[in-house]
Amino acid sequence: MLELKGVTRHFGGVRAVDGLDLLVPEGCIFGLIGPNGSGKSTTVNLITGLFPLTAGTILFRGERLDDLPTHRRLQKGIARTFQNIRLFGRLTVWQNLWVAQNSPEDRARRSFFARWLGGRRRARDEIAHLLEFSGLAHKADEFAANLSFGEQRRLELARALAARPRLLLLDEPAAGMNSEEIGQLRERILALRARGITILLIEHVMELVMGVTDRIAVLNFGQKIAEGSPAEIQADPVVRKAYLGGGAT
Amino acid sequence: MDAYAVSVLTNIGLLGFLALSAYLVLLAGEMSFGQQAFFGIGAYCGGMLTAMAGWPLPLAALAAMAAGAAAAVAVALPTLRLRGLYFAMATLAAAEMARIGFELLHWQVEVAGEPVGPDGTQGFRGIRWVFEAGLAPEGYAVLVWTALAAVTALLAVAERARLGATLRAVGEDPALAAALGLDVHRFKLGVIAASGGLAALGGVLFAHHNTYIEPRNFDVMLGVHGLAYALIGGLGTVFGALVGVALDVGLLEGVRVFQGYRMIVFGGLVALLLVLRPRGLLDEETVRWIGRRFS
Ligand SMILES: Nc1ncnc2c1ncn2[C@@H]1O[C@H](COP(=O)(O)OP(=O)(O)OP(=O)(O)O)[C@@H](O)[C@H]1O
Ligand SMILES: [Mg+2]
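So the sequences go chain by chain: D and X. Once you know that position 205 of the first sequence is 204 in numbering that gives the first Met the number 0, the rest is easy, because the numbers rise by one and skip nothing. Once you know that position 184 of the second sequence is 183 in numbering that gives the first Met the number 0, the rest is easy, because the numbers rise by one and skip nothing.
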């Protein structure tokens, strides 16, 4: 589904991502872990095109991704959430979901005019469904800026789903959540996989990563130091030394 | 109604076009100090087409709008991708160039035995289509206000549609908008083209109201006023820009106390508002509050 070959990004002298090879098979939940500053978020930013690659190639469903501008990549059925929550604070919850409906299906199904000049009516059912899924139905007309932290996290996920993604990139979705909220998040992630969405999960919360992923890659200083099943990763001495044993949560 | 009142009313309507065009650009997250140039291009184009080429006003207005839109895109294309204040600076510079261009424009033709056309700093007189069509000043005021109402209604509908929400999104956080699959550059270009066309429409109607235009009409202060109207009135709804015009022209022009101090009061008002209500009187919160009251 997603393939990274020798992906590299330098910021000045910092090798944020350094020759990364990654193969995320269709339909799986793939974990990407590593210490702070190891290049996880940068990897997601490179896949979505926030900044260009220094070297390497990225393939999505066999097609080159890295020479497309950001919006074209996202239109191919990739969606993401941000480690530092990013919402349109001056739009309502409902509108935040509305503007995110840019999937190939949505674009093919409606004419240009219906898509841009159609009122709220047409999108109502789908957005109601998304609001339901993320427990935000009662906040539909609230400005996103006025939501609580947990609600904003849920809106980010709902917005990613509004794009009908085939591939979902989650950058630390559990950050700042309590264990009850993490439990709900876990259910949501599993429900998404059941719908056939491939997920790349970046997370420091090990109970979540080890519980839901099929396969995990470990980054350190921008390089992959290990890859395998959750059990293999937990047993790997190199990983324990660089990350798991190192006092990180 | 006396002639002066009719003329003031017409002028308020004309400024409305300028304010709306500034509002559109602000919605898309950019700031233009050059809308007066597109207003001027509209005035000159429209005036030349009716007075020199004998076109009817509606046709001349359409052509002038196209010219205004094209000019706006020409300024935006090379500068819009640059970050920060480049676009704002570019609009200011381009507008001054346009004004100097009007000063250098000498092109007169003989119409009914008289030379008609732009004569550099001497201005361009004899834009008499309205007079020749037998339209009274009152009739022309109605025409201007009907056009303004139609444009406002159109914008209000687009604003409530997905297009409007998307524009706000693009204006608030372009990088995020791109990460949702939106072509930010195209949206901004589209809005800027529309704003150029709208300003030009105001300019055409202005030229035919005054029958005489000169390069000085289209100086920076005109654009700054348009921008200020949109900022004062508020960015929460298209009606904000019109409220801004009404406040300045109605309150400051109307109330005698302010006479002579008008620019100081106006400048102070803008500064105060930018501090207290950075998104204007009718900002998003207020618009939602009003919407809830009446729904
Ligand atoms: N836009 C940028 N400009 C300069 N340096 C950057 C930029 N983005 C990331 N870096 C650097 O690249 C390195 C990797 O950062 P990245 O955010 O990818 O780490 P991470 O694995 O996501 O860490 P965390 O677990 O803290 O989120 C860091 O040294 C960071 O300072
Ligand atoms: Mg990170």
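Source of the hints: derived by calculation from the structure; they are not laboratory data. Take these hints with a grain of salt, some might be off.
[What the hints assert, rightly or not] Computed Cβ-Cβ distance ranges for the label pairs, DEER-style: (1) D/Arg194 to X/Pro55: 19 to 29 Å; (2) D/Arg185 to X/Ala69: 32 to 42 Å; (3) X/Thr120 to D/Leu67: 26 to 36 Å; (4) X/Trp288 to D/Phe10: 13 to 23 Å; (5) X/Trp288 to D/Phe111: 57 to 67 Å; (6) X/Trp288 to D/Gly175: 23 to 33 Å; (7) D/Ala234 to X/Arg276: 37 to 47 Å; (8) D/Leu116 to X/Glu284: 46 to 56 Å; (9) X/Val141 to D/Phe50: 51 to 61 Å; (10) D/Leu22 to X/Val156: 43 to 53 Å; (11) D/Arg194 to X/Arg80: 32 to 42 Å; (12) D/Arg106 to X/Glu284: 31 to 41 Å; (13) X/Trp144 to D/Asp124: 21 to 31 Å; (14) D/Asp20 to X/Val274: 31 to 41 Å.
Because the structure is a prediction, the values reported are computed rather than measured. No residue lacks a Cβ here, since even glycine has one placed at the ideal position from N, Cα and C.
Hint check:
{"no.": "1", "hint": "D/Arg194 to X/Pro55: 19 to 29 Å", "result": "60 Å, violated"}
{"no.": "2", "hint": "D/Arg185 to X/Ala69: 32 to 42 Å", "result": "55 Å, violated"}
{"no.": "3", "hint": "X/Thr120 to D/Leu67: 26 to 36 Å", "result": "51 Å, violated"}
{"no.": "4", "hint": "X/Trp288 to D/Phe10: 13 to 23 Å", "result": "44 Å, violated"}
{"no.": "5", "hint": "X/Trp288 to D/Phe111: 57 to 67 Å", "result": "33 Å, violated"}
{"no.": "6", "hint": "X/Trp288 to D/Gly175: 23 to 33 Å", "result": "30 Å, holds"}
{"no.": "7", "hint": "D/Ala234 to X/Arg276: 37 to 47 Å", "result": "60 Å, violated"}
{"no.": "8", "hint": "D/Leu116 to X/Glu284: 46 to 56 Å", "result": "26 Å, violated"}
{"no.": "9", "hint": "X/Val141 to D/Phe50: 51 to 61 Å", "result": "55 Å, holds"}
{"no.": "10", "hint": "D/Leu22 to X/Val156: 43 to 53 Å", "result": "48 Å, holds"}
{"no.": "11", "hint": "D/Arg194 to X/Arg80: 32 to 42 Å", "result": "38 Å, holds"}
{"no.": "12", "hint": "D/Arg106 to X/Glu284: 31 to 41 Å", "result": "32 Å, holds"}
{"no.": "13", "hint": "X/Trp144 to D/Asp124: 21 to 31 Å", "result": "41 Å, violated"}
{"no.": "14", "hint": "D/Asp20 to X/Val274: 31 to 41 Å", "result": "53 Å, violated"}
Going down the numbered hints, you'll see the structure goes against 1, 2, 3, 4, 5, 7, 8, 13 and 14, while the others check out.
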